[in-house]
Amino acid sequence: MSNQAHGVTEQLAAARKETERACDLLLAPSPEALDRCASLLQAAVAQVTASKAALASPAQREPGATAEGRRLQAAVRRARRLLEAAAEYHQNWARRIGTMSAGYDGRGEPAAVERGRRLIIRG
Amino acid sequence: MANLLGTLISSSSTLDAYAQVLQVTENNVANASTPGYAVQNLPLEAMPMDLGAGLEGGVTVGQVQSARNQFAEQAVQTQQTGLAWQQQSVTGLTSLQSVFDVSGTTGIDKGLNDFFQSVSAWGQTPSDQTAQQTVINSATEVAQSFQDAATSIQNVAQQNQVQLVSTVAQVNQLVGQIQTYNQTALATGSSVSQDAGIDAQVHAALENLSQLVDFSSSQQSDGTTSILLNGTTPLLIGGQQFVLQTSLTSGGANAAYPNAPGTLQLLSGEGTDITSQTTQGQLGAELDMGNRIVPSLIGDSSQAGDLNTMAQQFADTVNQLLTSGNISDGPPPVAGVPLFTYDTTNATNVAATLAVDPTVAAGQLAAISPGPPEVSNGVPLALAQLATPTNASQEIAGVSYSQYYGNMAANIGGQLQNATNGVQERQSLLSQAQSQRQQLSGVDLNEEAITLVEFQRAYQANTQFITVLDELTQDTINILGTVA
Chain A
1 MSNQAHGVTE QLAAARKETE RACDLLLAPS PEALDRCASL LQAAVAQVTA
51 SKAALASPAQ REPGATAEGR RLQAAVRRAR RLLEAAAEYH QNWARRIGTM
101 SAGYDGRGEP AAVERGRRLI IRG
Chain B
1001 MANLLGTLIS SSSTLDAYAQ VLQVTENNVA NASTPGYAVQ NLPLEAMPMD
1051 LGAGLEGGVT VGQVQSARNQ FAEQAVQTQQ TGLAWQQQSV TGLTSLQSVF
1101 DVSGTTGIDK GLNDFFQSVS AWGQTPSDQT AQQTVINSAT EVAQSFQDAA
1151 TSIQNVAQQN QVQLVSTVAQ VNQLVGQIQT YNQTALATGS SVSQDAGIDA
1201 QVHAALENLS QLVDFSSSQQ SDGTTSILLN GTTPLLIGGQ QFVLQTSLTS
1251 GGANAAYPNA PGTLQLLSGE GTDITSQTTQ GQLGAELDMG NRIVPSLIGD
1301 SSQAGDLNTM AQQFADTVNQ LLTSGNISDG PPPVAGVPLF TYDTTNATNV
1351 AATLAVDPTV AAGQLAAISP GPPEVSNGVP LALAQLATPT NASQEIAGVS
1401 YSQYYGNMAA NIGGQLQNAT NGVQERQSLL SQAQSQRQQL SGVDLNEEAI
1451 TLVEFQRAYQ ANTQFITVLD ELTQDTINIL GTVA
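Respectively, the protein sequence lines represent chains A and B. Take the first sequence: its letter number 82 is residue 82 in the working numbering, and every next letter is one higher. Take the second sequence: its letter number 298 is residue 1298 in the working numbering, and every next letter is one higher.
Calculated directly from the structure, the hints in this document are not laboratory data. Note that the Cβ used here is the ideal one computed from N, Cα and C, for glycine as well. Be careful, since some hints might not be right.
Said to hold, decoys possible - Pairwise CB distance ranges, derived in the manner of DEER restraints: (1) A:91 - B:1474: 39 to 49 Å; (2) A:84 - B:1207: 19 to 29 Å; (3) A:28 - B:1468: 19 to 29 Å; (4) B:1406 - A:63: 20 to 30 Å; (5) B:1113 - A:91: 53 to 63 Å; (6) B:1320 - A:77: 44 to 54 Å; (7) B:1359 - A:64: 24 to 34 Å; (8) A:88 - B:1392: 47 to 57 Å.
Said to hold, decoys possible - Footprint (simulated), chain B over chain A, 3 or more residues, beta carbon under 8 Å: (9) 25 to 38; (10) 45 to 52; (11) 63 to 72; (12) 77 to 90.
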């Protein structure tokens, strides 16, 4: 019984670690990083789902799990905040690029970005 | 011959163009470690080639373009501003929290505990002058602890005010620094962005400024940088700087508490009060500490402050109980005297002036409650009851005095915890914005457009996972909570 209850806490801790790794990836968001982030979050969802199912049995509940659940919640909140900030940044940047490269469409919205042809040499 | 000449001209212009590319490259290498420096690109554009028409082709160089993007810069500055607000809030609240010790070993909490113990002991031997003297001593301890707390909070307010003046001076100094670049640009007719070194210095100054205040900046066509505080109040337009000022204002004679401590004011260069708009950055946190958090404890022109409210109600309640009792039955019966004194002309100065009347001697504490029925230790019992109130007259704002004090401490502690958590979150968001700035710098629009489409897809997937994870975690905590 003790091992199983400890297992729930461990499952929540594992979910938190996956979420924290996702947070680390979100610090430098790129399409590749976001793909890996989604995999980590999916794994975290699986861990918490298993924890929740295990908690259907009152014998497997322990107070230590609550504290771990709170820590997981804080990590999820941080991940959400980082994701929202990154999404907002890129959404606004996409709009900015639209106006920079193609102006505005007939409805006054930033135009869709089209690929141009330009030679750039970087030092 | 014409073709040969054209080829030579074409080669010449191409060599010139590549020479400029090398210069930009050299600039990038030289400034690689300069804070705030952005890699510069030199776009080369193909020239039309039609030798028959005299167009010799080759490449020409467009205007040097800084890869720095205003957008990415502002994203970093916004996070800097948010982080600085949280950090300054932590600094101020940490100072305040040290005033509130709820362990019961020092300060008001200990003073109250000792006082209630002493009146309880006095209730057992109501005519014992030693017990009465212990009550006077513990009352003195309570009064002194209120004075100490008020003084400590006033010191925090004073330090905050000094810091605020210093912050405003730093803002003016940084804006003044950018003003000199503007003046150079106006005098020479060249934009600062054309000089990578100055461009980097301007951006470094703007990044430092973003730690102090919230602002928006923009490059003007004349090469100058305009800065608007809170997006509306001019700090720098062209060659003209608008110097910020601070002042301390009282509420005036018509205020609810006319003798209260003054309110910090931030004035624009034109003398307009812009305090309420300035809510971000270090300066915003200092104004918040000086005009909201500290006054909630020791008052301002519109409120007495929780510490003063508590001190006054405690003193009045104790005095009322003592003066309602008798020292002796007489005849004639001798009425009790009040124990506490304070500045009755200024409700925002009660805690700082709370004291025990030095003329009160042990034998003057009234223990007898005249009733009917008369109770020989009725007053000490009533005083002891304040520790665990059973009716509203023994409470303050619906709770005991110790709880009221604990709530004050918890309020400060809660704000400090929020600010501390906020620092961690803001540090992450700043790291993210800095990383995004780095990614953006040097990426051309074509690559960026493709990447942005990929981002949109990836965000949707991640958002769904986070939403599910959030709900599952909450459900799990709820289940665990039903057990705990």
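Taking the hints in turn, this is what the structure says about them:
Separated by about 27 Å at the C-beta atoms, residue 91 (chain A) and residue 1474 (chain B) break the suggested range of 39 to 49 Å. Between residue 84 (chain A) and residue 1207 (chain B) the beta carbon distance is about 23 Å. The supplied range of 19 to 29 Å therefore holds. Against the hinted window of 19 to 29 Å, the Cβ-Cβ separation of residue 28 (chain A) and residue 1468 (chain B) comes to about 24 Å, which satisfies the hint. Restraint check, residue 1406 (chain B) to residue 63 (chain A): a C-beta distance of roughly 24 Å satisfies the suggested window 20 to 30 Å.
In this structure, residue 1113 (chain B) and residue 91 (chain A) meet the distance hint of 53 to 63 Å, their C-beta atoms being roughly 57 Å apart. Checked against the hint of 44 to 54 Å, the C-beta distance between residue 1320 (chain B) and residue 77 (chain A) comes to roughly 49 Å, which is consistent with it. A hinted range of 24 to 34 Å is violated for the C-beta pair residue 1359 (chain B) and residue 64 (chain A), which are about 59 Å apart. Our hint of 47 to 57 Å for residue 88 (chain A) and residue 1392 (chain B) holds, since their Cβ atoms are close to 50 Å apart.
As drawn, the stretch 25 to 38 of chain A meets chain B at 10 residues by the rule of a beta-carbon pair under 8 Å; at three or more, the given contact holds. Interface restraint, the stretch 45 to 52 of chain A with chain B: holds (5 residues with C-beta to C-beta distance below 8 Å; minimum three). For the stretch 63 to 72 of chain A, the stated coverage by chain B holds: 6 residues have a C-beta nearer than 8 Å to a C-beta of that chain, and at least 3 were required. Here's how the stretch 77 to 90 of chain A fares: 12 of its residues keep a CB closer than 8 Å to some CB of chain B, so the rule of at least three is met and the hint holds.
Against the hints set out earlier in the document, violations occur for numbers 1 and 7.
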